[in-house]
Amino acid sequence: MDDSAVGSGIESHEQLRACLLAAREQDRPQLILDFIPYSGFIGAHAKVDEGDVLYWLEPRRSNIGNPSLPALHGGVIAGFLELSASVELLFGLRLNSMPKVVDFSLDYLRPGRLQALYASCKVLRQGKQLVNVSITAWQVDIELPVATARCHFLIN
Amino acid sequence: MKFNFKAALFRPVLKMAMERVGHGKLLGFTITKVARGQVNLTCPYDSKTVGNPLTGVVHGGIIVSLLDTCCGAAAMSAMGKPSVAPTMDLRLDYMHPATPNEPIFVSGTVYKTTSSVIFCRGMAWQQDENNPIAHCVATFMRLDLDRAQFSGVIKSGFKRLLSRATE
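Quick mapping for you: the protein sequence lines, in order, are chains A and B.
Heads up: the first sequence begins at 1 in the numbering used here, then just goes up one per residue.
Heads up: the second sequence begins at 157 in the numbering used here, then just goes up one per residue.
Derived from the structure by calculation, the hints contain no laboratory data.
No incorrect hints appear here.
Computed Cβ-Cβ distance ranges for the label pairs, DEER-style:
1) B/Thr198 with A/Ser62: 16 to 24 Å
2) A/Ala22 with B/Ser272: 49 to 57 Å
3) B/Asp300 with A/Leu21: 50 to 58 Å
4) B/Glu285 with A/Arg61: 33 to 41 Å
5) A/His45 with B/Thr270: 36 to 44 Å
These numbers come from a predicted model, not from an experiment.
Ideal Cβ placement from N, Cα and C applies to all residues, glycine included.
Please model the complete structure; the sequences and the hints are all you need to start from.
Encoded structure:
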């Protein structure tokens, strides 16, 4: 496998674990996003805000789906929410390996405009193998969500 | 059969709108088939889209984006006239991780059209169509565009082409 092409600097489980540990100790979930190339591809960020992790997607022209509105691409919103959910597990549930996504279900409530998109995650149930996460995304007002999603992950 | 100018224009406009603009351009896929209610595309492997750096497997978000694009295009193609089809919801099941360094094939099929909703299913696979990476069902709202709005879309498309040509 061509790991050098990935360019995230993480090549072994030990490095991954060290990175996860550093992120939790420094309270910086962004460190986890930094080693996932896809987060740079769409421009996703995370920070700890009042004890919870707040995720946001920077507005980029390359994330547009419908240029005439312009509106964010539905797939980018989905990818961002799925990414947020997996980081939530790595950061909040202290997993030491990448969770495997099993299914993902998304409801689009409003068009996403070309401005920052925020997301917060809530782990609804954590079993030995399966975790259910609910994710909500909004832009200007948390009361006016752009999309809600739920996701199942296999852990360990 | 009467020559339908709008229908003839539909394929190149759809291809341009999907492949050359915004996130579609970033993903780098190619639409390989456009029939009524059926769209196929192929996306090459890109190390920038990796979700797990240890294995090099692409992130699930890429699969969602491809399936959403493909089903959305299929929904538009099913309406037979210029229209937009915003996604209402999308549900995705991941059967197994994608193999790194191999292209991903995606198909989107409309299986039912009603007066207000279009129902689609989509499939993503690599080596074997019968061993898919992921399967999805998606529903789209059916919004017919009037002539004025469509001409606006065409105009903005031409404007973009012109601006690229002069760049």
